[in-house]
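S.K.: So you can see what is in the structure, the chains are spelled out below.
There are 4 protein chains.
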Amino acid sequence: MNAPDYGRAFALWRDAAPDWRSYTHHAFVAGLGDGRLPGDAFLHYLRQDYVFLIHFSRAWALAAAKAGTLSEMQAASAILHALVHVEMPLHIRLCGKAGIPPAALEATPEAAANLAYTRYVLEAGYSGDFLDLLAALAPCVLGYGEIGARLSGSAGPYADWCDTYGGEEYQQLCRDTGALIDSALEARLGPEWPDLPRAAALSDRFATATRLEAGFWDMALRPDPRA
Amino acid sequence: MNAPDYGRAFALWRDAAPDWRSYTHHAFVAGLGDGRLPGDAFLHYLRQDYVFLIHFSRAWALAAAKAGTLSEMQAASAILHALVHVEMPLHIRLCGKAGIPPAALEATPEAAANLAYTRYVLEAGYSGDFLDLLAALAPCVLGYGEIGARLSGSAGPYADWCDTYGGEEYQQLCRDTGALIDSALEARLGPEWPDLPRAAALSDRFATATRLEAGFWDMALRPDPRA
Amino acid sequence: MNAPDYGRAFALWRDAAPDWRSYTHHAFVAGLGDGRLPGDAFLHYLRQDYVFLIHFSRAWALAAAKAGTLSEMQAASAILHALVHVEMPLHIRLCGKAGIPPAALEATPEAAANLAYTRYVLEAGYSGDFLDLLAALAPCVLGYGEIGARLSGSAGPYADWCDTYGGEEYQQLCRDTGALIDSALEARLGPEWPDLPRAAALSDRFATATRLEAGFWDMALRPDPRA
Amino acid sequence: MNAPDYGRAFALWRDAAPDWRSYTHHAFVAGLGDGRLPGDAFLHYLRQDYVFLIHFSRAWALAAAKAGTLSEMQAASAILHALVHVEMPLHIRLCGKAGIPPAALEATPEAAANLAYTRYVLEAGYSGDFLDLLAALAPCVLGYGEIGARLSGSAGPYADWCDTYGGEEYQQLCRDTGALIDSALEARLGPEWPDLPRAAALSDRFATATRLEAGFWDMALRPDPRA
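Chains as they are written, first to last, in my numbering: chain A, 1 to 227; chain B, 1 to 227; chain C, 1 to 227; chain D, 1 to 227.
It is worth saying that the hints were derived from the structure and are not from the lab.
Estimated spans, in silico, between C-beta atoms of each pair:
{"no.": "1", "chain 1": "A", "residue 1": "Leu94", "chain 2": "D", "residue 2": "Arg21", "range": "31 to 39 Å"}
{"no.": "2", "chain 1": "B", "residue 1": "Arg36", "chain 2": "A", "residue 2": "Pro191", "range": "51 to 59 Å"}
{"no.": "3", "chain 1": "B", "residue 1": "Gly68", "chain 2": "D", "residue 2": "Asp176", "range": "24 to 32 Å"}
For each residue, glycine too, the CB sits at the ideal point set by N, CA and C.
With the sequences and hints as input, model every part of the structure.
M.R.: Written out as structure tokens, the structure is:
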């Protein structure tokens with residue numbers, strides 16, 4: 001199956017990231033698709049994902065702060081708003097149904113793989129500019145889109161998860177995010193940006209975040225708090 | 001007339017800011033209330049205020065990034081969202097009616113008083129923490145509330161402006177923002193926070209931002225691009 | 001007289017900054033050269049300059065944090081070190097001789113023009129990347145070099161000031177800083193960087209910082225604390 | 001053996017960090033002391049430590065940017081200067097003798113445990129204030145001091161390493177850093193700071209950084225690039 005079309009930067013960065021396949025075809029992901037992922041592992045993932053979403057939202061807030069134009073600000077602000085006012089309350093309710101009350105969710109000890117990934121993204125944003133931040137955010141947003149597009153229609157206990165990320169609403173978000181990245185790159189670096197030295201640094205941001213996403217799945221399958 | 005009740009920190013900081021009265025009773029403000037403000041000055045203000053709102057929104061985005069809890073993030077994100085998806089489009093339409101097309105608005109050269117104020121607030125946030133940022137943001141949010149509460153019901157060409165900030169919706173935003181500040185302070189520094197050395201630094205942040213707000217009104221009356 | 005050669009970026013940015021001449025040929029500067037600057041104005045400048053140097057040093061520290069390579073870090077760190085361990089103690093002694101004791105120096109109320117300039121530079125660095133920060137720092141470092149090169153050898157009470165900035169040590173610092181900027185630009189954006197959209201944004205950073213430097217001299221001649 | 005006296009905050013934070021013993025008595029550390037650490041593991045550590053030192057230096061540069069007083073800036077700047085102008089050149093020479101040329105050192109792929117630790121520290125500094133940054137930096141500086149004080153005088157291939165960190169110069173740096181932390185806390189939060197809610201957040205910063213230091217030693221013994 002081909003990769004979904006989320007724009008030019010995604011196509012380039014995806015091809016250059018050594019761990020892209022490890023991430024998008026991870027055993028955890030396969031288990032979501034064929035329904036064989038143990039329920040405990042999924043619960044462990046949900047708890048870590050709650051902590052992840054807090055920091056991921058902070059990173060989109062930082063993107064709004066570092067945006068160059070009103071329309072870039074609006075795009076980042078819309079994602080932030082959806083995350084903290086829709087996604088996270090939904091996540092809290094979902095965890096509640098799965099037997100994890102909000103207080104337990106809040107008290108989740110953050111796994112090292114979670115720390116590594118989220119702080120890498122945030123620090124990329126703080127120490128770099130809007131482009132550094134987008135390159136570090138892209139693997140999560142767009143990788144979930146690619147996984148969802150592949151797994152959509154799966155049966156089993158994780159069908160909802162698969163359909164959420166494979167669904168049209170999320171796929172549109174991925175196309176919009178890809179377009180945001182492409183236009184941000186062109187507006188700053190011009191149409192030939194892939195030829196600039198900066199392109200290698202951005203591709204490396206994407207590749208490192210991809211590696212850390214794979215590490216997040218590793219952690220989700222191996223719930224050792226220090227790992 | 002007494003100051004509106006926007007909470008404990010506001011009451012303390014307001015009383016300690018030497019320029020609070022210069023800001024809230026500025027000649028520009030008086031002219032909005034009695035309708036004698038020249039239309040040119042108001043247009044000049046609208047243009048600079050557009051540039052101001054861009055940076056003010058960035059500062060609220062940064063507040064969401066630096067927040068300590070989900071509810072602090074939600075509060076900051078809601079303000080950011082209202083600013084970039086409601087206030088700014090409204091501002092653009094208002095300026096359009098006043099004869100300033102969007103392209104001219106975008107091209108507004110930023111006055112030095114505008115630069116001074118917005119960069120002071122943003123830098124307070126970047127170099128400090130959530131509390132530094134809130135203390136620097138407070139004079140604008142809450143001062144407009146105090147001015148609006150006083151001028152509400154004024155007749156004349158600026159009656160809309162006065163009623164917007166004196167209206168219940170904006171007054172509620174001020175009470176909510178005051179409560180956000182008070183709870184953020186207590187959650188970090190405890191109930192006796194006004195006795196800590198840190199309190200003086202935060203009060204100084206508020207006082208400096210107040211001084212720069214007064215400078216913004218000065219600039220609005222004296223449209224010299226370098227001043 | 002021609003401008004000194006501090007490299008490629010400086011030559012481009014200088015020519016594009018509308019206020020470069022206002023800054024480098026300001027009445028304050030002329031008064032340093034012909035010795036007619038009132039002593040009070042110079043003392044006022046020294047006090048504000050102390051506050052300026054604190055923030056200027058912070059900006060170079062931030063540059064070290066945002067550098068991309070060890071040699072960029074070493075360059076920024078060397079400037080920071082010289083500022084806080086040599087320049088500032090010297091400045092404190094110089095002010096002491098001029099009758100301003102350290103406590104008075106510390107207590108200097110920061111003029112709005114000083115706030116505007118320093119926070120603009122720091123915020124450029126925090127919200128942007130290493131290049132944004134260098135473009136905002138350049139007018140101060142290199143402008144003093146150009147002024148010093150022109151005024152060096154002047155007689156009168158400010159001969160020391162003129163010779164410090166016109167002297168070989170400071171001129172070498174300017175050439176080194178210009179080379180740091182040029183190599184940082186090439187390493188990230190390639191040799192054709194002046195043709196990229198990003199170049200306009202960087203040139204604008206330089207032009208705005210130049211405008212705020214001119215505003216700093218204005219303030220130095222008109223010691224109104226709010227201005 | 002008792003812990004060395006590096007001040008009040010260190011004593012409190014150390015006692016509250018669950019992983020302090022795992023870090024300071026790690027098998028890697030024991031191997032340095034008794035000389036049984038395999039040479040390959042030490043070389044692997046040296047390479048990762050080079051990458052670590054780059055980011056650690058950036059964090060001290062950020063501390064200088066976020067400092068509140070000239071003397072805090074001078075303290076942070078002195079550490080930064082020692083790191084980039086003395087420690088790192090020394091490290092490069094040491095690695096060169098061990099058969100790792102500078103180019104190979106530069107090309108070291110950054111282990112995930114390294115990313116996790118350094119980005120956690122830097123992000124703590126960017127999103128928090130000077131105190132957050134010091135609390136996150138402390139476990140490395142002071143833990144090496146405690147380890148060095150214990151292992152000093154060991155024989156074997158790592159005697160130099162042990163004597164460097166156990167030696168008077170490094171021990172004085174630890175006492176100075178502890179004093180810097182204590183005075184920064186008092187200057188902002190007053191003498192009763194351990195009773196404030198903020199104290200728990202700072203202690204948590206220290207504990208998390210300690211956990212990630214232990215993870216760094218784990219990685220040093222298990223050279224899997226993704227781990």
